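**Student:** Using the sequences plus the hints, can you model the full thing?
Chains as they are written, first to last, in our numbering: chain P, 1 to 113; chain G, 1 to 113; chain L, 1 to 113.
In short, the hints are calculated from the structure, not lab data.
No distinction is drawn between identical chains; accordingly, a pair holds when it is met within one copy or between any pair of copies.
Calculated lysine to aspartate or glutamate pairs in the DMTMM-like style (CA-CA distance at most 25 Å, straight line):
#	residue 1	residue 2
1	K86	D76
2	K86	D55
3	K86	D16
4	K86	D110
5	K18	D70
6	K18	E33
7	K18	D76
8	K18	D55
9	K86	D99
10	K86	E107
11	K18	E69
12	K18	D68
None of the values given here were measured: they were computed from a predicted structure.
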Amino acid sequence: MSKLVTGIIQPHRLDDVKSALEAAGVRGMTVSEASGYGRQKGHTEVYRGAEYTVDLVPKVRLEILVADEDAPAVVDVVVSAAQTGKIGDGKVWVVPVDDVARVRTGEHGDSAL
Amino acid sequence: MSKLVTGIIQPHRLDDVKSALEAAGVRGMTVSEASGYGRQKGHTEVYRGAEYTVDLVPKVRLEILVADEDAPAVVDVVVSAAQTGKIGDGKVWVVPVDDVARVRTGEHGDSAL
Amino acid sequence: MSKLVTGIIQPHRLDDVKSALEAAGVRGMTVSEASGYGRQKGHTEVYRGAEYTVDLVPKVRLEILVADEDAPAVVDVVVSAAQTGKIGDGKVWVVPVDDVARVRTGEHGDSAL
Ligand SMILES: Nc1ncnc2c1ncn2[C@@H]1O[C@H](COP(=O)(O)OP(=O)(O)OP(=O)(O)O)[C@@H](O)[C@H]1O
Ligand SMILES: Nc1ncnc2c1ncn2[C@@H]1O[C@H](COP(=O)(O)OP(=O)(O)OP(=O)(O)O)[C@@H](O)[C@H]1O
Ligand SMILES: Nc1ncnc2c1ncn2[C@@H]1O[C@H](COP(=O)(O)OP(=O)(O)OP(=O)(O)O)[C@@H](O)[C@H]1O
Ligand SMILES: [Mg+2]
Ligand SMILES: [Mg+2]
Ligand SMILES: [Mg+2]
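**Tutor:** Structure representation (structure tokens):
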């Protein structure tokens, strides 16, 4: 069984998060562009030197499939590497996964991770 | 415990959906671009005045983390605010979430929402 | 009850995967852009004639809501249609879904698929 760890982080933290995940032995990741708001909607977040008082601040979305037992550690790695201490730093969550398949080989389960 | 509510909606409904979610007390959301098709594939949907007979019509993807007990109401809010009554209005679904973390503080669980 | 099948595939396989899903009776899909890396990070993948030794190779992300009992077959369809036998072919996973709603009608459950 595996888990999907999804993280919404500040774009300028992506390189550090990637390095930290590699150092922690994570072997794959999917990245996409997103935007969002958190509890301080209407308040200011800064992105690329510009202040965002608008609703949707640019973020990066990470998806990381991991074995069940690795999920808590991977969440911690993302949180630590993405953290600046400022509002808007992001959110990380964990969802159960029934099955994973590797397209190249068709194998399923943890060996497909 | 919490839930992830994902919605695929028509892009021109985003502002109304955001307002309705805020009015309902939802405190965060992630937005991304997507495209898709539903049951009427091959039939026509209209987007920005253009008819899409092609397969993939532009949509907006929403992700909203909520406490377990709030999920049904949040689904209803998205459905009501996104609804125009035309084909292609969208889809909303709910996935169980094992854990949520706030990056800035490292706190977990419902207080991280 | 339903499942969410998510696939990360090579962009040039999208048309074949769509056709295969339609032939298999799948009635809806959401597509978005992503990028990622797998186990051969640092090694080379080719995309549009260019070699990617960089970290993040462009991919396409598919999301397909299906009835519980259809999930294994839909995973197989995606794997078969996306497979080229080369590294970087992609990953497919299945997540449990508590509920689905159709925005146009407000109906819930399998009839909303
Ligand atoms: N409830 C939520 N559901 C989905 N995505 C969310 C939610 N809350 C925040 N996000 C996503 O995470 C990003 C960063 O959120 P943010 O770090 O501001 O959360 P927060 O709870 O307000 O924490 P902080 O107090 O540190 O600002 C948002 O831009 C949004 O993309
Ligand atoms: N089975 C599905 N899996 C994943 N995404 C879907 C699915 N069905 C629809 N979608 C997404 O929702 C968007 C809107 O779908 P749509 O509203 O046309 O659904 P529908 O079931 O055909 O309903 P309607 O009869 O009202 O048109 C699609 O463009 C696609 O992005
Ligand atoms: N553990 C993972 N978590 C999330 N996404 C992943 C993971 N592994 C791979 N992916 C996504 O799938 C894409 C394709 O991965 P890839 O096919 O290279 O996987 P792999 O396990 O390395 O298999 P192969 O040996 O066939 O290359 C990546 O670019 C990434 O977007
Ligand atoms: Mg915030
Ligand atoms: Mg439709
Ligand atoms: Mg690989």
